[in-house]
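Colleague: The listed protein sequences correspond, in order, to chains A, B, C and D.
Residue numbers for the first sequence, in our numbering: 1 to 112.
Residue numbers for the second sequence, in our numbering: 1 to 112.
Residue numbers for the third sequence, in our numbering: 1 to 112.
Residue numbers for the fourth sequence, in our numbering: 1 to 112.
A couple of the hints might just be wrong.
Copies of one chain are not kept apart here, so a pair can be met inside one copy or by any two copies together.
Below, in silico cross-link-like pairs of lysine-lysine (BS3-like), each with a Cα-Cα straight-line distance of 27 Å or less [unchecked claim]:
1. Lys101 with Lys47
2. Lys56 with Lys92
3. Lys108 with Lys47
4. Lys89 with Lys11
5. Lys89 with Lys101
6. Lys57 with Lys9
7. Lys101 with Lys9
Hints are computed from structural coordinates only; laboratory data are not their basis.
4 protein chains.
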Amino acid sequence: MNLNSLQNKIKEFVDERDWDQFHSLKNLSMALSVESSELLEIFQWAKEDEALDSKKKESLQDELADVFYYLLRIADKSGINLEQALLEKLQKNAAKYPVDKARGNSRKYTEF
Amino acid sequence: MNLNSLQNKIKEFVDERDWDQFHSLKNLSMALSVESSELLEIFQWAKEDEALDSKKKESLQDELADVFYYLLRIADKSGINLEQALLEKLQKNAAKYPVDKARGNSRKYTEF
Amino acid sequence: MNLNSLQNKIKEFVDERDWDQFHSLKNLSMALSVESSELLEIFQWAKEDEALDSKKKESLQDELADVFYYLLRIADKSGINLEQALLEKLQKNAAKYPVDKARGNSRKYTEF
Amino acid sequence: MNLNSLQNKIKEFVDERDWDQFHSLKNLSMALSVESSELLEIFQWAKEDEALDSKKKESLQDELADVFYYLLRIADKSGINLEQALLEKLQKNAAKYPVDKARGNSRKYTEF
């Protein structure tokens with residue numbers, strides 16, 4: 001399924017419940033942030049190299065889905081093409097982080 | 001492009017820069033949360049029904065791309081199928097939020 | 001009780017449980033962010049001017065305490081004086097947001 | 001200075017700028033979350049045991065101040081006593097995390 005079809009599936013789900021009235025971009029941005037934090041919580045006390053056990057993997061799948069849901073919803077409501085946005089960002093980042101400077105380096109481009 | 005191709009494009013970008021060493025799930029979950037918050041910041045003082053001007057729309061596109069980037073990266077690194085995760089979640093939520101109870105209602109299912 | 005005494009009370013609580021080993025600044029910053037998001041969640045679908053009912057007020061008190069706990073803990077672990085940090089920041093912000101320019105205006109100082 | 005005096009100092013700063021109109025609890029909770037995330041960003045790619053260099057310490061002090069500012073503001077606007085909230089929470093947590101069970105253990109109390 002492409003991103004457009006996924007967005008429409010979500011829109012249908014929302015419209016059946018008459019939830020669009022709550023879906024201002026402001027509210028959706030809050031929901032996205034809340035869900036991202038629930039994903040963060042999974043790794044809160046984890047060691048850096050800790051393996052993902054099956055229980056955490058299940059939680060992770062759940063939270064990834066929630067973040068994706070709101071991400072698609074925001075893209076839909078704001079008329080932004082998510083795939084194109086990603087591809088353009090990769091191009092911008094390729095310019096900001098040229099391979100020779102960025103290689104093996106986690107610093108922000110402003111600190112090169 | 002499907003999600004798999006987008007994930008591979010990102011993987012290539014990351015590998016060229018030898019950044020995979022920084023991409024533990026813990027670090028990626030932090031990055032996802034940071035980017036979601038930058039998206040949240042766009043609407044921080046906005047009125048609920050405020051229209052999206054072109055400057056804010058551009059920022060929003062940028063931040064949507066950043067969130068999507070880390071979302072795809074986490075899915076890739078954890079071996080979770082993002083599309084399937086979303087579809088399963090919609091099914092779960094359809095059960096938790098049956099149309100007759102959830103209609104026009106923003107309460108959490110635990111408060112029905 | 002002053003901030004120092006509160007920090008020491010928390011330190012005692014932590015030491016009794018031998019939790020200091022988990023309290024790297026990185027982990028504490030994740031915990032702070034997770035708790036702030038739980039506070040955010042309380043207002044997720046709220047109307048801007050919605051009154052705080054007693055149930056939400058109780059949740060809010062809980063989450064404020066959690067955020068304060070980690071804030072004091074991070075200040076303690078990093079040797080930063082929280083009160084002084086706040087007072088210095090107010091001075092900086094008074095310069096960035098002079099009364100005549102900032103009055104009744106929610107824009108960031110970079111946009112004046 | 002006690003917490004009350006700090007809250008009043010902030011209130012004065014806000015009132016001089018006529019910013020109270022933007023300080024709904026909803027907006028303040030967004031601001032708190034955004035600032036917590038800026039603090040999180042400092043440690044985004046840090047190693048667990050990485051020392052805090054002077055540049056990062058300065059950023060940390062700045063972000064701690066911002067989080068504290070909004071925390072005090074929310075407490076003030078909601079009429080919640082922050083010190084008391086913390087002390088009550090420590091008591092609750094002492095019951096949830098008894099020393100003998102919690103010792104050296106980062107699990108959530110629901111997983112004991």
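Colleague: Does each hint fit the structure? Answer for all of them.
Modeller: Hint by hint, here is what the structure shows:
Only between protomers do Lys101 and Lys47 lie at most 27 Å apart by alpha-carbon distance; the minimum there is 21 Å, versus 29 Å within a single protomer. In the homo-oligomer, the alpha carbons of Lys56 and Lys92 lie at most 27 Å apart only across protomers (18 Å), although the nearest pairing inside one protomer, at 34 Å, exceeds that limit. In this assembly of identical chains, Lys108 and Lys47 lie within 27 Å of each other by CA distance both inside one copy and across copies; the values are 24 Å within and 16 Å between. In this homomeric assembly, Lys89 and Lys11 come within 27 Å of each other (Cα to Cα) both inside a single copy, at 26 Å, and across copies, at 14 Å.
For the identical chains of this complex, Lys89 and Lys101 are intra-copy neighbours only, at 18 Å inside a copy versus 35 Å across copies, given an alpha-carbon limit of 27 Å. For the homomeric pair Lys57 and Lys9, the shortest alpha-carbon distances inside one copy (25 Å) and between copies (24 Å) are both at most 27 Å. Taking the shortest Cα distances, Lys101 and Lys9 sit within 27 Å of each other only across copies (20 Å), while inside one copy they are farther apart (42 Å).
In summary, this structure violates none of the numbered hints.
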